[in-house]
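I would like the entire structure built from these sequences, with the hints used as guidance.
If you want the building blocks of each chain, they are given just below.
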Amino acid sequence: MRRKILTFAMALVWVTATSTSSVVAQDAVAVSAAATSDDIEAYARHHQISRSLAESELAELPQIAAMQTLLSTKSSEIFGGIWISHEPTLQVNVALVGDQPGHATRIAAEFGIKARVQQITVERSYRQLLAVADNLREQRQVIDHVVRIDVRNNRVFVQAINPAAYMARADGRAAQLAGVTIEKVPMIGGPSVGIYAGLSTPTCTLGWTVRKNGTTTDGITTAAHCPDSQTYLTINLPFQAAANGSADAQWHTTPGFTDEPRFKVNFAGEVRVVTSITSYSSVIVGQTICKYGQATGYGCGEVEEKEADAHWVPNQTGRYISLKRCNTDLSTGGDSGGPVFYNLSAFGIVSGWQFGGLLCNDELVFASVSYLQSGLNVTVKLP
Amino acid sequence: MMRTRNLAILPLLFLLVGCNPIGAGSASPTFPQHGGFDGTGPASLVQGKLVLEAGCLMFESPGTGYERTLLVWPSSYVPLEGGAGVLGDGVELLLGDEVLLGGGEYTDEAWVKERLIGPPVKPECLTGRYALITSMPQEAQ
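First to last, the protein sequences are chains Y and B.
Residues in the first sequence are numbered consecutively from 56, following this note's numbering.
Residues in the second sequence are numbered consecutively from -6, following this note's numbering.
Read the hints as simulated data drawn from the structure, not as lab findings.
Values in this document were obtained by computation on a predicted structure and should not be read as measured data.
Every residue gets a Cβ at the ideal spot worked out from N, C-alpha and C, and that includes glycine.
Hints are supplied without guarantee of correctness; some may be wrong.
[As the list claims (entries may be wrong)] Simulated crosslink set (DSS-like; lysine-lysine; CA at most 30 Å straight-line):
(1) Y:K129 / Y:K169
(2) Y:K239 / Y:K267
(3) B:K42 / Y:K239
(4) Y:K379 / Y:K436
(5) B:K106 / Y:K361
(6) Y:K361 / Y:K267
[To be verified] Covered by chain B, according to a simulated footprint, are these stretches of chain Y (three or more residues, beta-carbon under 8 Å):
(7) 226 to 240
(8) 279 to 290
(9) 361 to 370
(10) 385 to 393
(11) 403 to 414
[Claimed, not checked] Take a look, some chain Y residues computed to stay more than 10 Å from chain B by CB distance:
(12) S131
(13) N299
(14) S334
Structure (structure tokens):
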């Protein structure tokens, strides 16, 4: 009896497994066919043609690709590129250097291409365009531009965030010598470069990443007495607004960068994620708070007072916080704007320094994150 | 680029190039000064190329066109003859030097004027952007 049950169970398992894998395989085929069908439908819709015309046009693509491969390998000295256009109907455009009467049409016929073929005479081969582009990419000094090829117009061009800065550098001069067009763009693509508190500008340290209240506009802060013109990795950070009084803060948008709720804590580049803010009212005299600035780096001190006179800030209200550690230089030129924190909480940004006593280093003075937020009408970004 | 000189070599330089601190009979640029920050100060830097414009020492920096920032110096600093530069803390800056100085940048003109000592600044020098200098050249990171 036990033997029969075992045999039946094994048979059941076999049947179940066989039927399951069969269903999975059929599903995969169905999914693939559905996806292809969706793509044809989208193609037809986009070009406002019938589905049958879409299918016949798409069926030409392997032959066009084969012609492209042949020309680019066997005739690279005259091949300027291929592109498809759709107005009014599918057309294969073949760019060739010099006078090559009927060449494109003959080759297309050899590949059985039925679509209309247009031959365009160009000055530079695709190989030459590629050489110019590759050379400019190799010479790139700063990631503030992209080098692109436009086969339709037989040209290499550069899109730069700050064309003037690019053209002033050796890589930009090389582009000009190569006769490359340089266009201004608000941002470039590619892997995003993060921007966050503690990074350096030429004159100050960046503070907390913020979002303008009621919007989705993000940016980054620094001290209000820092120059309005700020750059990071030579890229301009457009000035948005400043607040004096108790805030000593200004903020900038960050085109081309990703605003991250992080902060650098030491020269080695260690970063932390900011997970909370600590308001002015929560700060206690005597508690330990730390900071990072590009000049003095990481350091900590104890809160000496919450009513420091920041005389260097217009209309200041005496609500700045000072940190003291007698044997530690907590702040000097270049630190302004840097993050003031403890553990993972944002307390404020570096503002300045004040006399720390005859036998002590100067005290650091910082603006509370509470006044930064209210003064600039922004909120510090958290994850 | 930045050319700073130690005070010890200045006498020789004065003989050679005639860059003297302002004295009797020297051509005198407008040289606005502030009274200091009473043992406190901003922890930022300001950057630019030292130029003489409208008889005032300013920073020229790239911006919308070339921006001019009027420099307001500590009371212990002195201008060089003919507005050729400035001498302070044992360091001499000359026109054309591109430097990072300790100090803060401000646009609140009334607030800046309250901090000025000495004669009033010529209206043509009031650019709307002011740098209150606290220290001589800094090393940028």
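Hints, one by one, checked against the model:
1. The hinted pair formed by Y:K129 and Y:K169 meets the criterion: a straight-line CA distance of about 22 Å does not exceed 30 Å.
2. With a C-alpha separation of about 26 Å, the suggested pair Y:K239 and Y:K267 falls inside the 30 Å cut-off, and the hint holds.
3. For the proposed pair B:K42 and Y:K239, the alpha carbon gap of about 26 Å is at most 30 Å, so the pair holds.
4. Note on Y:K379 and Y:K436: the hinted pairing holds, with a Cα-Cα distance of about 28 Å set against a maximum of 30 Å.
5. Taken as a hint, the B:K106 and Y:K361 pair is honoured in the structure, with Cα atoms around 28 Å apart against an allowance of 30 Å.
6. Straight-line distance between C-alpha atoms of Y:K361 and Y:K267 comes to about 27 Å, which keeps the hinted pair within the 30 Å bound.
7. Proximity of the stretch 226 to 240 of chain Y to chain B, defined as three or more residues with a beta carbon under 8 Å from a beta carbon of that chain, is not established by the 0 residues found.
8. Judged by the Cβ-Cβ criterion of 8 Å, the stretch 279 to 290 of chain Y is covered by chain B as claimed, because 5 of its residues qualify and three suffice.
9. For a cut-off of 8 Å, the count of residues in the stretch 361 to 370 of chain Y with a CB near a CB of chain B stands at 7, and the three-residue condition holds.
10. Against chain B, the stretch 385 to 393 of chain Y contributes 7 residues with a C-beta closer than 8 Å to a partner C-beta. That satisfies the three-residue criterion, and the hint holds.
11. For the stretch 403 to 414 of chain Y, the proposed coverage by chain B is satisfied: 6 residues have a C-beta within less than 8 Å of a C-beta in that chain, meeting the threshold of three.
12. Every beta carbon of chain B lies more than 10 Å from that of Y:S131, the smallest distance being close to 43 Å; the non-interface claim holds.
13. Not every Cβ of chain B is farther than 10 Å from the Cβ of Y:N299; the closest lies at roughly 7 Å, contradicting the non-interface assignment.
14. Taking the minimum C-beta to C-beta distance to chain B, about 23 Å, the non-interface status of Y:S334 holds against the 10 Å cut.
In this structure, the earlier hints numbered 7, 13 are contradicted, and the remaining ones agree with it.
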